[in-house]
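K.L.:
Residue numbers (the numbering used here), protein chains in the order written: chain A, 1 to 330; chain B, 1001 to 1505; chain C, 2001 to 2090.
It cannot be assumed that every hint is accurate.
[Claimed, not checked] Selected chain B positions facing chain C (in silico; Cβ < 10 Å):
#1 G1008
#2 P1052
#3 K1070
#4 F1206
#5 G1212
#6 D1231
[Unchecked claim] Listed next, the in silico EDC-like pairs over lysine to aspartate or glutamate satisfying Cα-Cα at most 20 Å (straight line):
#7 A:K201 <-> B:D1030
#8 A:K49 <-> B:E1037
#9 B:K1070 <-> C:E2065
#10 A:K13 <-> B:E1495
#11 B:K1153 <-> A:E11
#12 B:K1445 <-> A:E53
#13 B:K1006 <-> A:E105
#14 A:K49 <-> B:E1444
The set of hints was computed from the structure by calculation and includes no laboratory data. Please read all numbers here as calculations on a predicted model, not as lab measurements. From the three backbone atoms N, C-alpha and C, an ideal C-beta is built for every residue, glycine too.
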Amino acid sequence: MSVQIKTINLEPKRQTFSHIARRFGEDKPASRYLEGTLDIQATENFHYKPLWEPEYWHYDLGKSAVKMADWYKPLDPRQYYYATYNISRSNMNTAVERNFTFVEERGMLAKASSGAIGAIKRGLLPLRHLHWGSNMNMSEICQRGYGTAVTAPCIFSAMDHLGMAQINSRVGLMIDGQTGTSLDEAKQTWLSDPMWQETRKLIEDSFVERDWFHLYTAQVLGVNAVFYNLFYKNADAAWTDAATAVALLTEFQSDWLADETRWSDSVIKTVAAESEENKALISGWAKNWIVRAVVAAKPLSSALLGDNGAAAETAGAAALKKAASLGLAV
Amino acid sequence: MSGTKKLGLRQRYEHLTRGLDWETTYQPMDKVFPYDEFEGIKIKDWSAWEDPFRLTMDSYWKFQAEKERKLYAVLDSFAQNNGQTGISDGRYANVLKLFLTGISPEEYQAHRGFAFTGRHLRGAGARVACQMQSIDELRHIQTQIHTISHFNKYFNGIHDFSKMHDRVWYLSVPKSFFDDARTSGPFEFMIAIGFAFEYVLTNLLFVPFMSGAAYNGDMSTVTFGFSAQSDESRHMTLGIEVIKFLLEQHPDNLPIVQKWVDKWFWRGHRLLGIVAMMMDYMLPKKVMSWKEAWDIYFVEAGGALFQDLARYGLKMPKYHEIATAEAEHVSHQNWCTFYQYTHAANFHTWLPDNEHLDWLSEKYPNTFDKYYRPRFEMWGQMAKEGKRFYNNALVQLCQVCQIPMVYTEPGDPNTICFRETQFNGQRYHFCSDGCSDIFKNEPEKYVQAWLPVQQIFQGNCGGATIPEVLDWYGYKFGEDNFDYVGSPDEKLWNEWHADKIKAAS
Amino acid sequence: MAQLASITLMHNDDARPVIESIIADNPGVKILNMPGAVKLDCDGRITVNRASVEERLGRPWNLQEIHLVLISMAGNLDEDDDTFTLSWRH
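Hey, can you work out the whole structure from these sequences and the hints?
P.N.:
Below, the structure is given as structure tokens:
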């Protein structure tokens, strides 16, 4: 009689899902980012045309003029899936709480000059509406776009904009003694102050753009690269003696912009590199929206910085330079 | 400046969220929101929307990050400890196969659908709630993939879940359900998924079933299940707010909403037949029967809900009594179907053993011994004689729910229920009055259905033979399909438990 | 027919003080234990009081923390800083 010694077999039969193995090979496990992202949107055998847009399927390659052989090519360099996204934002938000407490305890805004408070009211608080508009655009791209690689980070971005609109609102509440009057004023400013109208027109025009990648380009290279770059990176002088307080209270926005840009630059670059046709389309869109954004931002930079629009021009030039570095012909 | 005043939850939420939106003037509102009027729903005043939960993004990130840290700690330790070897029985893994191919992709559809309503409803409060639900639903599919990923390393049948969801015959049931909701207008989507599905029906899936996962030793699945449910309670609040809001806004909304409630209740009832089978047949250790769950979560909880909504004139969904009567049959009829078509399924089937049969007899005293036990005993006898019963015929599918015609007439469990109607000179078939009514209300929609059996006949599914079709589905023949007994899954499970099995014999 | 307002919570250490305070504060509460979860039902109305939970927890507790342990509920929700109430009667 022979004795056979067998250890328990815990070698995996396979390392990952078949659709991932087809892309990267059978032999290695895939990251949670890849398993939670790749190919999870349905692609074929749909049952009904949407009642609200019967010319397309609800997931349809035709909703943008740019074409990709594989919409899972523009991956997110940050490798965000829901958990890592939320943990990242939760950590960033811990700093927000600390900064708000710091500014509040030291009465930094209470001690600020009326000029500085006026600038915040007229120049910073209305940005909550631009964030709200950006939230609408990123939700739209999430619902209209194709492939989870691009659409999932868009809902993250949409929630970021909502969060930033709320942080801006908290700055207002700190100024107005938690009554909300500054927010009502900021809304009036947004709606009727001439210096904001080109900006409002720009974002309202973006709301009706049907091509989702066109809208993406407008949002990330027009709105983000010009307006948010101007306000959160290059407008310290506008807040005069409250500049340090504003820098602390908008640290999230500034960190967010760097984080978002790492992703959005990579998406633009990958999609533009796919073909000459894509490159031409995206280049045209980028140029148009950057130029429009500069025109809209000039009265803001003139009024807030007294620079005759120079900071807006600088932000626009930087956006164009960046676009060129991403392979666009601008 | 009195910056130290602390705001209450409600006021704080309102300040931070309300008033962010504005009436556009450079573009007409109807062009910015092109989809929210064609359904005929009348909204007089969006500001009357009550925010169902008042979560600002700072709290959202904080709580969700904490939930995720806990969940992934459990997933990591489950994998490190090879928790898959500690589940109650190898058969258990088959519920996860149904979950990942049939349910998780619908979480994804909900994610994109709520992004749609989160952009296109005109009221800002409703949009914010929808966006939170959208990102939550993305959480759900991702945590489900991450949980079941570990099982995929050892068990067959789920390795190609996305392709299977797009192609496999019975998975067109959940897919067409959500395609139907996604392609409806934004208000119908909210009633379909937000109200009928989330509020009235998902408890049946996520509470007793997940409790069953815990009972069967799958700590990873119960953790994602209950963690997902903690989002679900927010979603339920949104669902009930939506329906109240629509009914309060205009009396003309009532008949539209009632029609949607009727439709989506029936479609949801049909869809959940899969869960009924998971609970009654596929969990090796059972927490409660489908019938018991139905009584708690539909008869009792749904009853209380509709009693509350009666003040708006809303009635219980049409055919709810039939659905309740069917709760004594549906799990048995579904499992019988999959048993006969085990060669075409991506999970394994088995005949209930004697102990299981006795449990079913006890839980279903009105129906099981009379209609179903004899069938299982006969199939058991046939299998013993080497004549295991397979059904090789391609069956007719209901044009609406896409389930094979296997359900019986209300009140007559010996007769298969067939309904049919003509539209544009074509004949269409249905499994029930519920499905037939749905078709008659929107025939132009349902004639479009991608019916798997018809598609096979038309040559669109990889070939004319069963092995060709299964290959096109992404199955590995002989590994992913057929009975559990004799499967590679069983072989591996038995290797893990060789010591125990030896000791017992 | 009874209209049950209901809360289902995870059965773990974080939820225990919440479960206990619901049982203490809602006379006639019906308890259904399931593996991993507990369902608490009350005719018409069921309330979670922040102060009650804090008493058991020995630290300040934000009512929104209930979302970390909540599995399901039934009833119309009314939530403010001090109470979390589900009810069917108006």
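K.L.:
Give a verdict on every hint.
P.N.:
The hints, checked one at a time:
no.	hint	result
1	G1008	5 Å, holds
2	P1052	7 Å, holds
3	K1070	8 Å, holds
4	F1206	7 Å, holds
5	G1212	7 Å, holds
6	D1231	8 Å, holds
7	A:K201 <-> B:D1030	16 Å, holds
8	A:K49 <-> B:E1037	18 Å, holds
9	B:K1070 <-> C:E2065	14 Å, holds
10	A:K13 <-> B:E1495	14 Å, holds
11	B:K1153 <-> A:E11	9 Å, holds
12	B:K1445 <-> A:E53	13 Å, holds
13	B:K1006 <-> A:E105	14 Å, holds
14	A:K49 <-> B:E1444	10 Å, holds
Hint compliance for this structure: no hint is broken.
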